[in-house]
Each structure stands twice: as C-alpha cells, then as structure tokens.
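2 protein chains.
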Amino acid sequence: MHIILLSGGSGKRLWPLSNDIRSKQFIKIFRTKDGGYESMVQRMYHQIREVDEGATVTIATSKTQASSIHNQLGDEVLVCVEPCRRDTFPAIVLATAYLHDVCGISQEEPVIVCPVDPYVEIDYFEALKKLAALAGEGAASLVLMGMEPTYPSEKYGYILPTDKKTVSGVKTFREKPDAETAKEYIDQGALWNGGVFAYRMKYVLEKAKQIIGYADYETLFDRYDSLDKISFDYAVVEKETDICVMRFQGQWKDLGTWNTLSEAMEEPCVGEAILNETCENVHVLNELDVPVLCMGLKNMVVSASPEGILVSDKEQSSYIKPFVDKIDQQVMFAEKSWGDFLVLDVTRESRTSKVTLKPGHSMNYHSHLRRDEIWNIISGKGRCVIDGVSRRVEAGDVLEMKAGSRHTIMADTELKIIEIQLGREISVHDKQKFELEIDGVGDKADS
Amino acid sequence: MHIILLSGGSGKRLWPLSNDIRSKQFIKIFRTKDGGYESMVQRMYHQIREVDEGATVTIATSKTQASSIHNQLGDEVLVCVEPCRRDTFPAIVLATAYLHDVCGISQEEPVIVCPVDPYVEIDYFEALKKLAALAGEGAASLVLMGMEPTYPSEKYGYILPTDKKTVSGVKTFREKPDAETAKEYIDQGALWNGGVFAYRMKYVLEKAKQIIGYADYETLFDRYDSLDKISFDYAVVEKETDICVMRFQGQWKDLGTWNTLSEAMEEPCVGEAILNETCENVHVLNELDVPVLCMGLKNMVVSASPEGILVSDKEQSSYIKPFVDKIDQQVMFAEKSWGDFLVLDVTRESRTSKVTLKPGHSMNYHSHLRRDEIWNIISGKGRCVIDGVSRRVEAGDVLEMKAGSRHTIMADTELKIIEIQLGREISVHDKQKFELEIDGVGDKADS
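Residue numbers (this note's numbering), protein chains in the order written: chain D, 1 to 447; chain Z, 1 to 447.
Excised from the complex, chain D in its bound form (with noise of 0.2 Å):
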C-alpha cells in the first residue's frame, strides 16, 4: 500500500517537550520490545511495516521536520518537503504529484493519507488496507474512514452516513460541534472525521488540475508559496458527491494534550524521577540529566527539558497554549541532520553549547560576522577545515575561529564539541555559508 502520513507543525500543546522546532511526534516515549522508547512517528512507521513490509510511506512535512523524520526512520522513508505551510490540500496534492511524478507510482494505485499522530493499534492499518482497496476497486472516488464515537467531543468534525453498515454513503458533513450538539449527531449515528482518506492518485491530480491548475510537481514546488490555505476537506470531501465511508471501532486517540499524552504512557516515569508512595495517577518526563522527586501529587504531569519545566494538573494542561505563546525562550536544543546541540550556558557576551556530529556528517561550511568561536573538541575523531586549512581534529584539540573565518568540522566517529560563541550580537542569522575549498596539499599535522 502506499500510505501519505501528514505529519502537522509546532505543537506547543507538548511544552517543554515540544516547540517551535521540535514537534510532539518525535518525542520518544512509548516503551519498543527491546526496553528502549520510539516516539509517535517511529510506533506508526514501525505498525505499517508489521503489516505490510512493503508499504511505501512518504511523509508529507516542512523542511524544518525533514532532519528529525531521516534521523528517527532512517534514509528509507521518503519525505515530501513542503516549501512552506499551505494547509492539508496543497499538501496532499504535494505528496501525491511526488508519489506520481518523483517516484513514478502509477496514477491508478490506490493512496491512504492520514495524521501522523493518533495513537493506534495494529488493527487501524488492517482497516486503513481495507480503505485501499476499497479506493482501488473505485467503490466511490474518495473513501473516508469514520471513527465509531466514544463521547460527544468538541475537537472533531462529523460525518453522517446514509446508513449503518460498514462501508456506507455520507449524507452530510458537521463542523466541530458544542458538546450538546455533538451528542444529537452521535444519536443520528454521526461518526468522528479523523481526517483519513484514500483516493486512487489520478483523483486527486484531475481536482488539482481543476483548483490549482496543477502541471506536475517541479512547477508546484516551486510555486507553493503562491498557493492559497485550504483544508482538504473543505476544497475536496465536502463537494464530493461520489464519497463513501468506512466505520473503524478499533482504539484511535488522538495525543495532543498531556493529559492524553501520559495515558498512553506505559510507565509512570520517563527519564530520571522518583515518585513517593502518595503519588497517585502521576507522570514524569524528565529529559535533564538530574534527578525529579516528587510527594504527595495527584492527577499530574511533569515534564523537564532543556526548554523549561511543566508542572500540571492533567485536566489542565489542555490549557497551556497561551501561557507557553508568552514564553520568549530561545531553543535550547535541536535535533539536525548531522547531530544535535544544546545550549548549556548564555551570557550577556557569550554562549555556549554542546555539538555533536553524527560519523560521516559534517557542518556547512560558514562564518559569522559578529562573533568569534571556540570549539574545544570533547570526544571523537574527525577533520575541519579552517579558512581553506584542513587538519585532522580529536578529543583535547582546541579550534579558534575569529570573525570572518569560514569553518566547518566532518566527524569520522562520533563527535562531541564544547562550542564558545563570544560576542554581543549572538544570533543564528549571523551565518554566511560558502562552498567549501581546500588549500595545499596534504593535511597539516595535529599541533
């Protein structure tokens, strides 16, 4: 099956876990069967190859995402990189003109799309291959899957089938309603719209064609940013009148709250934290390198990262945008295609942060206009390149870099690097990047 996971932006609802750069769906926190965690997009991506080795999967993102999806799944997955954010129907048509154009997918094949965030089980994808198939034997043009209710939530859109079998016409579509409201839909026999579909690819190019005037994706690449936001529900399901819809009972929640997020949790604690024995129905995720003790808390979540620390009642914590969108706080930690950094100390003239550098992966080769740098090489072996100089670098060599100098570092092992920034106009858009040259010949010996 060929199967788009829409993976969505900045999820605040997840602060201190989660933030500008770093999305909800890579926060590692459910339990793999060799003791170690895998985060909502690594569980996902793991369930569809159980069932069905041979998926393919693209992920649908920003670029801002593309380092963390290659580091979590590896190199196999692909990514469809969004040029900027358009909404779920420019997106959609995205990935499937990349399926289609880039990766030559006949335009017959059946595609299923769906969020990259719900926490499922195995029995979702059996339904999402029965959706298909379903879309592959052109039971409708576009088959939608509806989640059986559990309670009458205001977070969902409706879909009213025609009828109660599994697989039925849609009689209508409800915006997200009050809760009264959502409890007559459910009494008519309204299903959740989870925002699952599946289409076989030449459907969605012909509306694409007729919206958007789509060509082929190299001309909608890079046209993107012209592109108005439109959900795909709202340019597509919604007039579709050749539309059926497949129920799914099964466990589909969605994690965007703490309070949702810790009951999905297998164990109490992630990370270093102690609970005393009057804890109860309390979680901790702890990402710092010293010890959370906590007494006597009820119905709570608690979360420390290099960000910040949240300290909460459950059903509070569906509340925390607002007060983290007043949170000025520079990103202290980031996952990159070649490593990651944190930032372990800021001054008023300096800062400084720890780097590492994945083997194999190097830093672009750049300079800074306003500040000077000192990498004290901490552990590992690898090469940098100093104003065209290349020398060979390991644990205990110390690199100066004034102003104005182009450097960059390539890691051979593992390598872990103290970084000093020192001046007093410290800011990431002070980098100028160049194509990298080497002078001379040979490698100038370690000093």
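These are computed hints drawn from the structure, not numbers from a lab.
Worth double-checking, as some hints may not be accurate.
All copies of an identical chain are treated as equivalent in the list; a pair is satisfied when it fits inside any one copy or across any two copies.
[Unchecked claim] Calculated pairs, BS3-like style, for lysine-lysine (alpha carbon to alpha carbon, straight line, at most 25 Å):
no. : residue 1 : residue 2
1   : LYS381    : LYS402
2   : LYS298    : LYS326
3   : LYS298    : LYS321
4   : LYS164    : LYS433
Dock chain Z against the given chain D, drawing on the hints supplied.
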C-alpha cells in the same frame, strides 16, 4: 552585645536548594527593602545590626560554610570555624574561647548563643538584649529563652518554669515528646526550648575546664577532633541549678521544611515562574535560567536548581530526607571563597563547568594527575600562571593545561571561564596544591 550564631550542617530537607555543601541558611528567598533577596543568615545579621549596630556577631560553623558566610555577610563578621563537627557543647566552648582568647573580650561579658535559622522579627533581638542583660547582672549562671508554644509540637524539647512570671526559675526539662504528652506539658505551663541562652563567658570557660580540660583556644582547636560529640543542653543546661528562663511571645518559626519555608515567603515565586489562575497556595523557587510553568496546583512547592527538581505537596515535603539520601547526584553548583562554579555538562570522558572568579581572587596553584584542562575565558581580565610562566588573559583567550601542568588564574575584574576537564577519571580528589613560583622577568605578551 556579643552574639554567637550556631550555623548548622547540611540540610537535605530543603533539597534541591540545600545539599551536602549548601545549607538552607544561605538560600536567598526573603525580599529586601531594595527589591533584592537575602538569605536567612543575611536577614538575621541585618536584624542584629538594626537592634545593636555595634554588636559582635560570631558565627560558629564548619569549614565548608566559611566561604558562603563571608560571601553573604562580608569580612566584618567573625567566623569561628570548627575543625570538625562535635555537636553544640564543643562548638559553644570553641566560639566562647575564640571571643575571649582571640578577640580579647573580657570573660565577665555576657554572650548570647542562638541558632542561625529561626525566622524571627526585631522583637526577638530586643529580647536577646534583655537576656544578655540578665546574664550580665548575674540573674543566674545560665539564662534561657523559652518560647511560648503555639501548638503541641513534637519537634522541640520543653522547659517547665517554676512560675508564670516573665523571668522565672526552671523546674525541669523534657525531651521531644509525642503530641499528646506535648499537650500535657503545655497545660502545665511548659515553654519550647529553642536553644537560646545567655551566660557570662567565664561560666562556660569554667565548665569547659571541668568537662574537657579547656586551657586555651589554640589547644582546644588542635585537639578538637578528639572531643566527644555532646550537646550543650545535655552537658550543661540540664545539670545546672543556678538557671532561669525568660519567656518570649513573639514570632519564632523553624523554617526547616519546604512547608514552613514557603510560609515565610512574601511572594509566591522566586526566579522565573508562571502560575496559572487555578493555582492556589503554590510556591516556586527556581534557580535555573529556564521557566517553570505551573497549572492547576494546590498547596504545593516546586523548586528547581542545578541539582534537581522537587515537586511536592507542602505537607508531604517534610518527609523528603530519605528520598534525597538515596539520590546519588554529584554537586553541580558551589560557592567558594574565590567565587563559584556550576557544572554544565558531564560525559564519560569530560566535564564542562562555568567558573566565576571574583575580582582580586585567585585559585590555588595546582595540578591534576589524571586530567587535562582547557580554560576558555568568556569575560573579564586577569592573569594566569602555567608551569611558572605568567601571562595576562582576557575574554577570548584559551589556556590549555595537560595533566601534571601547574596552573592558577587571578581575576583583575570578575572573570568568567568555561572550564573543560578531559579524562576518564575526573575527581575532585585529583588535585595537588603548590606554592606559587613565577619564572623569568615580566610577562609574556598575550598571543
């Protein structure tokens, strides 16, 4: 007046702000008039100065606290350092001998002894003056202060006075009782024994001659570790018949737990913290540079420091000690006579710290057998000596010291250094100190 403040040992019950080397009396949580914060010991010192500007204040404490005391109170305060901990009788004798033999104060003079950590107001110090006057007049050999009990506490010993006058004789003493017995004592008119007493110095020096063969301060200091651990109450107070007690009715609180400490805070938060509108009776003490966000908390204390994070119900916080005893966390932050250090990052083969040196101060001249060190100067100016060679240093300089290399650094202005230690056996015990010797003439210019 002459006052001896007993500054007790490490207080794990206020973890993570107190630990093996940081005591609760140095935590800055009380608002000052100029909008800053002061610690218990600073608050008490300023209160004493307010009541008696010329008071002689001597702090009897351990070596580990001497730096913090001078950092917080300046150099004017007298510090009587105990070579090792031997309970209150030896400590009081040593401090009394220090006042008499070292400071030359007449042994006819009265002295007041009291613990450094109760939370009190100015009336307490007015009462101490009266206590000293009573001792000076010879009202009794030993004059105690008895606190009017406000509840049947199990935490204090009790003093039974002979009558209800402000100053009365003492019928008997009672050890810490259970709550029911405490209630009986209170019904009988008993007072809390707060460890506050006054005497003429010759009284204690005479007792010291009889009990431990006291001769003079220096001899006592030298053989201090051979003395038995014994409390002043047990060795002297409970055996004395020429004794009286003065009632005190003002505020006198022990801030030994997070519960009691937070009650004394004038505002809910010290440090970066956000409480949402559903929080009730919540106190936050955050020493980190990242925010703490609290939502829906009731009757709780949250405290974060480089050592760890505590989230506790206020009642439960008094049971913290056994949990903290189990935490095997290296010291991450410490104040020293020359400044302070903060551990930023620890790996298997490295430790990165921020070291701050106060102007005019320097480290010992020292070397390490099993680690290399790199100093990255991030701000300030000073002078370093490495293997006998002196050079000026300033922000941006990098100094590399291989294992075995002798090194020190002196601050002209406040110096901030990112220190990187490299080796597989990094330990505070791997340090050899040397007399400072500088080779050659003049200084090497900065390279």
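Comparing the hints with the structure gives:
no.	hint	result
1	LYS381 x LYS402	both (23 Å within a copy, 19 Å between copies)
2	LYS298 x LYS326	between (27 Å within a copy, 23 Å between copies)
3	LYS298 x LYS321	both (22 Å within a copy, 21 Å between copies)
4	LYS164 x LYS433	neither (60 Å within a copy, 85 Å between copies)
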